[in-house]
Amino acid sequence: MSVQRLCRITELSELGGGAFQLWFEAGEMAGLAQPGQFVHIQCGKERLLRRPISICGRRGDELRIIFDLRGKGTEWLSQRTAGECLDVLGPLGRGFRLAGRRILFVGGGMGTPPLLWAAQSVPEIAEAVLAFRCADRAILIGEFEAACEQTHITCDDGSLGAKGFAHEAAERLLAAGKAYDGICACGPRAMLKAVAETAARYEVPCQVSLEERMGCGVGACLVCACKTIGADGAEEYSHVCKDGPVFDAERVVWDE
Amino acid sequence: MSVQRLCRITELSELGGGAFQLWFEAGEMAGLAQPGQFVHIQCGKERLLRRPISICGRRGDELRIIFDLRGKGTEWLSQRTAGECLDVLGPLGRGFRLAGRRILFVGGGMGTPPLLWAAQSVPEIAEAVLAFRCADRAILIGEFEAACEQTHITCDDGSLGAKGFAHEAAERLLAAGKAYDGICACGPRAMLKAVAETAARYEVPCQVSLEERMGCGVGACLVCACKTIGADGAEEYSHVCKDGPVFDAERVVWDE
Amino acid sequence: MNKPNMEVTLGDVKLKNPIVTASGTFGFGREYGEFYDLSELGAICVKGLTLSPRQGNPPPRIAETPAGALNSVGLQNPGADAFILRELPWLRGHAVKVIANISGNTAEEYGVLAEKLSDAGVDMIEVNISCPNVKAGGLAFGTSPDSAALVTRTVRRHSRVPVMVKLSPNVTDITEIARAAAGEGADALSLINTLLGMRIDIRSRRPILKNNMGGLSGPAVFPVALRMVWQVKNAANLPILGMGGVASGEDAAEMMLAGASAVAVGTVCFSDPCAPLRIRRELEEYLHNEGVDSVSKLTGAVKPW
Amino acid sequence: MNKPNMEVTLGDVKLKNPIVTASGTFGFGREYGEFYDLSELGAICVKGLTLSPRQGNPPPRIAETPAGALNSVGLQNPGADAFILRELPWLRGHAVKVIANISGNTAEEYGVLAEKLSDAGVDMIEVNISCPNVKAGGLAFGTSPDSAALVTRTVRRHSRVPVMVKLSPNVTDITEIARAAAGEGADALSLINTLLGMRIDIRSRRPILKNNMGGLSGPAVFPVALRMVWQVKNAANLPILGMGGVASGEDAAEMMLAGASAVAVGTVCFSDPCAPLRIRRELEEYLHNEGVDSVSKLTGAVKPW
Ligand SMILES: Cc1cc2nc3c(=O)[nH]c(=O)nc-3n(C[C@H](O)[C@H](O)[C@H](O)COP(=O)(O)OP(=O)(O)OC[C@H]3O[C@@H](n4cnc5c(N)ncnc54)[C@H](O)[C@@H]3O)c2cc1C
Ligand SMILES: Cc1cc2nc3c(=O)[nH]c(=O)nc-3n(C[C@H](O)[C@H](O)[C@H](O)COP(=O)(O)OP(=O)(O)OC[C@H]3O[C@@H](n4cnc5c(N)ncnc54)[C@H](O)[C@@H]3O)c2cc1C
Ligand SMILES: Cc1cc2nc3c(=O)[nH]c(=O)nc-3n(C[C@H](O)[C@H](O)[C@H](O)COP(=O)(O)O)c2cc1C
Ligand SMILES: Cc1cc2nc3c(=O)[nH]c(=O)nc-3n(C[C@H](O)[C@H](O)[C@H](O)COP(=O)(O)O)c2cc1C
Ligand code: FES
Ligand code: FES
Numbered sequence: 001m002s003v004q005r006l007c008r009i010t011e012l013s014e015l016g017g018g019a020f021q022l023w024f025e026a027g028e029m030a031g032l033a034q035p036g037q038f039v040h041i042q043c044g045k046e047r048l049l050r051r052p053i054s055i056c057g058r059r060g061d062e063l064r065i066i067f068d069l070r071g072k073g074t075e076w077l078s079q080r081t082a083g084e085c086l087d088v089l090g091p092l093g094r095g096f097r098l099a100g101r102r103i104l105f106v107g108g109g110m111g112t113p114p115l116l117w118a119a120q121s122v123p124e125i126a127e128a129v130l131a132f133r134c135a136d137r138a139i140l141i142g143e144f145e146a147a148c149e150q151t152h153i154t155c156d157d158g159s160l161g162a163k164g165f166a167h168e169a170a171e172r173l174l175a176a177g178k179a180y181d182g183i184c185a186c187g188p189r190a191m192l193k194a195v196a197e198t199a200a201r202y203e204v205p206c207q208v209s210l211e212e213r214m215g216c217g218v219g220a221c222l223v224c225a226c227k228t229i230g231a232d233g234a235e236e237y238s239h240v241c242k243d244g245p246v247f248d249a250e251r252v253v254w255d256e
Numbered sequence: 001m002s003v004q005r006l007c008r009i010t011e012l013s014e015l016g017g018g019a020f021q022l023w024f025e026a027g028e029m030a031g032l033a034q035p036g037q038f039v040h041i042q043c044g045k046e047r048l049l050r051r052p053i054s055i056c057g058r059r060g061d062e063l064r065i066i067f068d069l070r071g072k073g074t075e076w077l078s079q080r081t082a083g084e085c086l087d088v089l090g091p092l093g094r095g096f097r098l099a100g101r102r103i104l105f106v107g108g109g110m111g112t113p114p115l116l117w118a119a120q121s122v123p124e125i126a127e128a129v130l131a132f133r134c135a136d137r138a139i140l141i142g143e144f145e146a147a148c149e150q151t152h153i154t155c156d157d158g159s160l161g162a163k164g165f166a167h168e169a170a171e172r173l174l175a176a177g178k179a180y181d182g183i184c185a186c187g188p189r190a191m192l193k194a195v196a197e198t199a200a201r202y203e204v205p206c207q208v209s210l211e212e213r214m215g216c217g218v219g220a221c222l223v224c225a226c227k228t229i230g231a232d233g234a235e236e237y238s239h240v241c242k243d244g245p246v247f248d249a250e251r252v253v254w255d256e
Numbered sequence: 001m002n003k004p005n006m007e008v009t010l011g012d013v014k015l016k017n018p019i020v021t022a023s024g025t026f027g028f029g030r031e032y033g034e035f036y037d038l039s040e041l042g043a044i045c046v047k048g049l050t051l052s053p054r055q056g057n058p059p060p061r062i063a064e065t066p067a068g069a070l071n072s073v074g075l076q077n078p079g080a081d082a083f084i085l086r087e088l089p090w091l092r093g094h095a096v097k098v099i100a101n102i103s104g105n106t107a108e109e110y111g112v113l114a115e116k117l118s119d120a121g122v123d124m125i126e127v128n129i130s131c132p133n134v135k136a137g138g139l140a141f142g143t144s145p146d147s148a149a150l151v152t153r154t155v156r157r158h159s160r161v162p163v164m165v166k167l168s169p170n171v172t173d174i175t176e177i178a179r180a181a182a183g184e185g186a187d188a189l190s191l192i193n194t195l196l197g198m199r200i201d202i203r204s205r206r207p208i209l210k211n212n213m214g215g216l217s218g219p220a221v222f223p224v225a226l227r228m229v230w231q232v233k234n235a236a237n238l239p240i241l242g243m244g245g246v247a248s249g250e251d252a253a254e255m256m257l258a259g260a261s262a263v264a265v266g267t268v269c270f271s272d273p274c275a276p277l278r279i280r281r282e283l284e285e286y287l288h289n290e291g292v293d294s295v296s297k298l299t300g301a302v303k304p305w
Numbered sequence: 001m002n003k004p005n006m007e008v009t010l011g012d013v014k015l016k017n018p019i020v021t022a023s024g025t026f027g028f029g030r031e032y033g034e035f036y037d038l039s040e041l042g043a044i045c046v047k048g049l050t051l052s053p054r055q056g057n058p059p060p061r062i063a064e065t066p067a068g069a070l071n072s073v074g075l076q077n078p079g080a081d082a083f084i085l086r087e088l089p090w091l092r093g094h095a096v097k098v099i100a101n102i103s104g105n106t107a108e109e110y111g112v113l114a115e116k117l118s119d120a121g122v123d124m125i126e127v128n129i130s131c132p133n134v135k136a137g138g139l140a141f142g143t144s145p146d147s148a149a150l151v152t153r154t155v156r157r158h159s160r161v162p163v164m165v166k167l168s169p170n171v172t173d174i175t176e177i178a179r180a181a182a183g184e185g186a187d188a189l190s191l192i193n194t195l196l197g198m199r200i201d202i203r204s205r206r207p208i209l210k211n212n213m214g215g216l217s218g219p220a221v222f223p224v225a226l227r228m229v230w231q232v233k234n235a236a237n238l239p240i241l242g243m244g245g246v247a248s249g250e251d252a253a254e255m256m257l258a259g260a261s262a263v264a265v266g267t268v269c270f271s272d273p274c275a276p277l278r279i280r281r282e283l284e285e286y287l288h289n290e291g292v293d294s295v296s297k298l299t300g301a302v303k304p305w
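Chains U, Y, H and L supply the protein sequences, listed in that same order.
According to the working numbering, the first sequence holds residues 1 to 256 in order.
According to the working numbering, the second sequence holds residues 1 to 256 in order.
According to the working numbering, the third sequence holds residues 1 to 305 in order.
According to the working numbering, the fourth sequence holds residues 1 to 305 in order.
Take every hint as true, because none was put in to throw you off.
Straight-line alpha carbon distances no greater than 27 Å define the calculated BS3-like cross-link-like pairs of lysine-lysine that follow: (1) H:Lys210 <-> U:Lys227; (2) U:Lys193 <-> L:Lys303; (3) Y:Lys227 <-> H:Lys303; (4) H:Lys303 <-> Y:Lys193; (5) H:Lys303 <-> Y:Lys72; (6) Y:Lys242 <-> L:Lys97; (7) L:Lys210 <-> Y:Lys227; (8) L:Lys297 <-> H:Lys210; (9) U:Lys72 <-> L:Lys303.
These aren't lab readings, by the way, just hints derived from the structure by calculation.
It should be emphasised that the depicted structure is a prediction, and the values quoted were computed from it without experimental measurement.
Throw the hints in and build the complete structure from the sequences for me.
Structural data, given as structure tokens:
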């Protein structure tokens, strides 16, 4: 179930790395939300379409989002002040299934925030790989370290943690013989594809959170298509807002 | 000369009678402005066209406007708060020519504000007729009384002052033998027409301030047409934003 | 004054109020049905149906524009049979009229679709001859009076329920197409479908839509839609389902004054999921304030200069 | 990197930068000339000129729409002779190209206008066959390839300066008209003129415009304009002056990527009088950030899917 609601902003701050975090009073939405789901936010009257942003935390009836400045909508969002109200539709979509004895969360850049909440919801079994472009773009490391049994950092340029990509760090863990019941990944599409391939090679079930441009956000307009393999084995278009954003990696057709 | 400027709102309040008044820091615009001119205000990013509003007062480098809630633009304007900035273009248009030994200002409803500033600029020679629909809609009476030698009030329904229309009140003064060097009128078109006819009958030069829907506000787009009699005696379209808003009543073609 | 009478008739179909959902923006009703009771609507016009299932176009399928959106869904749908089997019975469980929107590759396909769906019990057929996002069929039928007439004739012959023809705005003279459809017995006309448009990502230098071009909808197109409704009302005296950017009760009133008997709401649901009900309420308030006792009195009541 | 080279060529006319003012939104330059130096512009396209003076249509002549405006000015202008006598010499006092926009009641009138104005020394003729606000001439010429060809041929024969034909978006297939104009020797094409639209005052039940209908412009039409520029660039390989809702440097870049050699700015000047200069600056910044050394490299550089 999802609702539309005017939500008061309780906190808005820069997180470093160019990212902003925003907490808002979500009322009944807070209780409904699950890690991996997203909210669809109206960003000013002069923009017709809402913006999808992952939910990445909850405290009481407040929800948290973390976002990058991408264009006019996120710019508008970053210029709000605490006390103002946002028009929010949510929670939307299908989140992560989290079960087993150990789950590896693999996040890249702005893909890390939704994984934080997922990890926080299963702290005993959570381990994280966080990948950033460079040290300057790193976010949430302390919070991940607090939530997870282990947190591994990697940067494209080696300016923090290991040098290299997310899937390489994950592969090192897998190659070292670590056993995971699942991998949950969120980040750029190229990263997700590489992580999915790695997971497949080690036969670890993998879930990925996809992005696509959206209209309604609820499954009615069919614009947020992503190609997947259907029950009958044939390729079809699923919809990120309703069938996702979290998909079983093995169902995703990466090269559309 | 006119300028475009972000102007800080210093005061915004309800005036009674459904009207709002707003003072803003106008910088160099304040020194340029003349009674009868107007400003062209951007009313929110979601509205493409500016809204024309008459200037009706000045103190230091601040200008004053008074406006009615007509639609979405004026509603937006009424919801601002002091400290915010407005995007203002002005001063625009041709104002009143004010000279002689006695001028009668005839205002109807929301047409009264611009006349107030005009009267205040020539207090020794100013006399006013203020017409309202009913007592509830009356505004600015005290300020007119302070500015003018004499102020006459009339209401359509007799709920304040004399009962009747603006031109009837003006006619009573003229019929009683009062001599005016000019009449300056502002208000609904039907009222202006009646006042103009009365003035013509008594051979008093009359200026009227007209309204028309506007685009550019500066004379470039030609949308704010009003029919007038040209130098050659033929009918033509003048433009309220540049040739007006104040016109010699004898040049106006009332029945377009 | 009592509550205004909100009933309207659209090509012999009685709607309890004039607010309809626009095809393709409302799926088969299930999603928005979680936000409110679908029986509050005048009618639901379902996602465009084809004979065989269609995958639709590759993503991205949507791009934002000033006060509008471009889409290039390309008629993704499970096919008419799957609709009849899996969606229609559920929809029939609500006290709301159901309009089936159909697209064919040939005039015959339109005929088959009309027969199947009217047999299956939809209340009305909306004939989409104006989809800008598919190669065969769609727009091609809607830009020439002859093919519009052919499709209308075929559907009219095969349908047991009233037939409404949906016109494209991407034409020099929409009245010509309207008259062609009217001449072949269309019971109503609906307009407008989307205007063909494009956006480019200036960093990647790629069109934002994978299909390069897409259909423009939303408030941006409202004045064009209103003009066409007015022109078509004057040219072909058929009931009209007016749509294109309707975002408020005032917009709905404007559409009806221009000539619409009912009004469809589409893109604006993306920003306000409850838009159809809000618009209905605002329209009622307008009628109340204006002292109009029946909404159908608005239809075509504009007084041109 | 050095400042990008902003020079462009539009049908053999060299412009110091690609920002042009759109006809009818900028008068003869005097008003906005009080806000900035007109020689900062690439070119000024003046208000549409006719042989005899024209009064234009009765007011109201403008109505606001979502992200747009409708106008029904109806070509009010003092006539070509008065322009040549009273406005052109003043304009020539600025280091900026002057484009004369012309409208005739007959093809011959277009020819006479082109001859007069090119003799008088304008830099380019823009042939308006797309004004939706006048009865004779205007739009009627722009909706059929034959009449578009006839007017182009006549103007081409009488003009000593490059000829640009301004196309209407109110057509089924704009490429057909573009090819007709190209076939008769047009040196450039400009598009789009306004889309026909309407608004109604729901209280008075009257159309807001006294002319009932008017032409839609402003950001709302941008995606339609962009699509047409792209289509026309692919269909007729002529330089294009792209316009319709351009409001930022990014919009200008999009227009050029779609195929425009230069970009005209119109309605958005009403909200931002200095829009042309702001847009030029934003375009320069974009070029700088993207490492493009010459603005003309953008033209047609979109990579369709
Ligand atoms: C399920 C989901 C979850 C997301 N979670 C986050 C998050 O937690 N933090 C975060 O920073 N970003 C997240 N994104 C991406 C975010 O939606 C975009 O950054 C945002 O929409 C950009 O809007 P804009 O107006 O700033 O950019 P503009 O480029 O001006 O937007 C123009 C249009 O494109 C759409 N758009 C642009 N980029 C994207 C994108 N990557 N995905 C979807 N739509 C896009 C916008 O929504 C808008 O409709 C998520 C996207 C999805 C689909
Ligand atoms: C020279 C001039 C001076 C004015 N001075 C004042 C003043 O001092 N106080 C005041 O309350 N009003 C004044 N008006 C009228 C004021 O401009 C309108 O009330 C205002 O534009 C309505 O905007 P809106 O968005 O609230 O209404 P809407 O009806 O939503 O506006 C829609 C469009 O119509 C235009 N419009 C609607 N009514 C008018 C109108 N009467 N005149 C011009 N454009 C209109 C709007 O500007 C807008 O473009 C003046 C008008 C002119 C031309
Ligand atoms: C995402 C989307 C999908 C659409 N799909 C269809 C369709 O399948 N069949 C159809 O006839 N119209 C379709 N349309 C057009 C709408 O029904 C409607 O005519 C148009 O969007 C204008 O109305 P609006 O501005 O209120 O959205 C679609 C529109 C959108 C935005
Ligand atoms: C008020 C107004 C007057 C116009 N007059 C003319 C004209 O005289 N001749 C012409 O070719 N186009 C005219 N146009 C159309 C513009 O030149 C331009 O094609 C159109 O407005 C789209 O650009 P824009 O959205 O940037 O305004 C006029 C447009 C407006 C808004
Ligand atoms: S955004 Fe509408 S179906 Fe996903
Ligand atoms: S508003 Fe543009 S000329 Fe008056």
